[in-house]
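Go ahead and model the full structure; you've got the sequences and the hints to work with.
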Amino acid sequence: MSRVSIQAGDFDPAAELAALEASGGGGVASFTGIVRGDGGLIALELEHYPAMTTAQVERIVAEASERWPLLGVRVIHRFGRLEPGERIVFVGTASRHRTAALEACAFLMDWLKSQAPFWKKEYFADRTQWVEARAEDDAKADSWKR
Amino acid sequence: MSRVSIQAGDFDPAAELAALEASGGGGVASFTGIVRGDGGLIALELEHYPAMTTAQVERIVAEASERWPLLGVRVIHRFGRLEPGERIVFVGTASRHRTAALEACAFLMDWLKSQAPFWKKEYFADRTQWVEARAEDDAKADSWKR
Amino acid sequence: MLSLVYFAWVREAVGHDEERIERPAADVTIRALIAALAARGGGYAEAFAQPEKLRAALDQHFVPLDSPIGEAKELAIFPPVTGG
Amino acid sequence: MLSLVYFAWVREAVGHDEERIERPAADVTIRALIAALAARGGGYAEAFAQPEKLRAALDQHFVPLDSPIGEAKELAIFPPVTGG
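One line per chain: the protein sequences are V, X, G and Y, in this order.
For reference, each letter of the first sequence is one residue, going 1 to 146 in my numbering.
For reference, each letter of the second sequence is one residue, going 1001 to 1146 in my numbering.
For reference, each letter of the third sequence is one residue, going 2001 to 2084 in my numbering.
For reference, each letter of the fourth sequence is one residue, going 3001 to 3084 in my numbering.
Do not rely on the hints blindly, as some may be mistaken.
[Stated by the list, open to error] Facing chain X, a subset of chain V residues (Cβ under 10 Å, in silico):
#	residue
1	PRO13
2	ALA15
3	LEU20
4	GLY25
5	GLY27
6	THR32
7	ILE34
8	VAL35
9	GLY37
10	ASP38
11	ILE42
12	ARG87
13	ALA101
14	CYS105
15	VAL131
16	ALA135
Everything labelled a hint here was simulated from the structure, so no lab data went into it.
Even for Gly, the Cβ is constructed at its ideal location relative to N, Cα and C.
Rendered as structure tokens:
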């Protein structure tokens, strides 16, 4: 069971965890990303490539499912305007074993960072700027290559 | 902010996640362990060393907090009789960065497996048996040694 | 015809998010097309002057800039992604 | 006096979870004490015959079996832990 949602609205991590707990595995791992208000950030604007995003994230999920024996995967990624404290992304995995669930969760986050067609623009009181991709994130994603 | 509970009763992962989300970090990682009903398992009995358990788990949490810049850590470990589908353990971490939260969560689970004074007895219809420690779990815990 | 779609600061520099152009020969690479777009000047020069800052997708699949455009219907050009 | 506490199948084999014994000399190791307990026979022999299957904690800290008991007040003996 895997499900991907690319949406503007918020989501409920509790409901997602409950569904994953019911998938019959022995372990459920999750990651929730939240907008930080660093440096006086007022908002983030997340742009994406609607014709590509869902299919691309599903490819990333398929890659994870091939590498680890997962009983459930849930990915939610928001787009649009988000303020500090708001959730951006959720990745949840269920597996019989903790290591598979935790590793797949980390893999999915690393690949979403570098392989999903999203772009972040930061809004401050006096300026805006597009977030630059970090070499560190590419290196993390590359470290999973095989 | 770190908190450890060793308890017989169930817990609510949603409430724990909500508290971690409020800790101001950009990322919250969690792992929930659930009793699997493999091979006709009727129940698990978790025994622990009350005089030692909380202090030992707090030492493990302190070790994680020294290794990663964590804004929040929550560990809950149950003891007593647990049936298939019931939660056993919860580890949640909050940090500014996803990698710290995810790695610390994996570290805490690996160390709980091999460094916390719990023992599991399995109850089947016709027999009982004490779960044996797996060399694999020791190796996982050792892989974090430095 | 080939659809070109732009995202993030590429879109902002160009001033629109999509356009249709005459289909180039199938063996023309994305990199060559980017050079041609840069030669238009103005916002295009700004967006496409530094191909090392750009990434691309052909028909919604990431590809290297040296890929030929081939029979693709849609070419997207954008900065490195920053999701998650 | 030294408190001995047992867990899991060690406790079951011995038949109780705690006992107090005369304090051994400070330089006696846990391993030597385990051999003495095994020599009691019966459930004790069963519990303590194979020290490689046992782990120990002195005053609620894990220690190797070759540690001397020293001034500890409580020695716990148990199989490798299986939490998480």
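Hints, one by one, checked against the model:
{"no.": "1", "hint": "PRO13", "result": "5 Å, holds"}
{"no.": "2", "hint": "ALA15", "result": "8 Å, holds"}
{"no.": "3", "hint": "LEU20", "result": "8 Å, holds"}
{"no.": "4", "hint": "GLY25", "result": "7 Å, holds"}
{"no.": "5", "hint": "GLY27", "result": "5 Å, holds"}
{"no.": "6", "hint": "THR32", "result": "5 Å, holds"}
{"no.": "7", "hint": "ILE34", "result": "6 Å, holds"}
{"no.": "8", "hint": "VAL35", "result": "7 Å, holds"}
{"no.": "9", "hint": "GLY37", "result": "9 Å, holds"}
{"no.": "10", "hint": "ASP38", "result": "8 Å, holds"}
{"no.": "11", "hint": "ILE42", "result": "16 Å, violated"}
{"no.": "12", "hint": "ARG87", "result": "8 Å, holds"}
{"no.": "13", "hint": "ALA101", "result": "7 Å, holds"}
{"no.": "14", "hint": "CYS105", "result": "7 Å, holds"}
{"no.": "15", "hint": "VAL131", "result": "13 Å, violated"}
{"no.": "16", "hint": "ALA135", "result": "14 Å, violated"}
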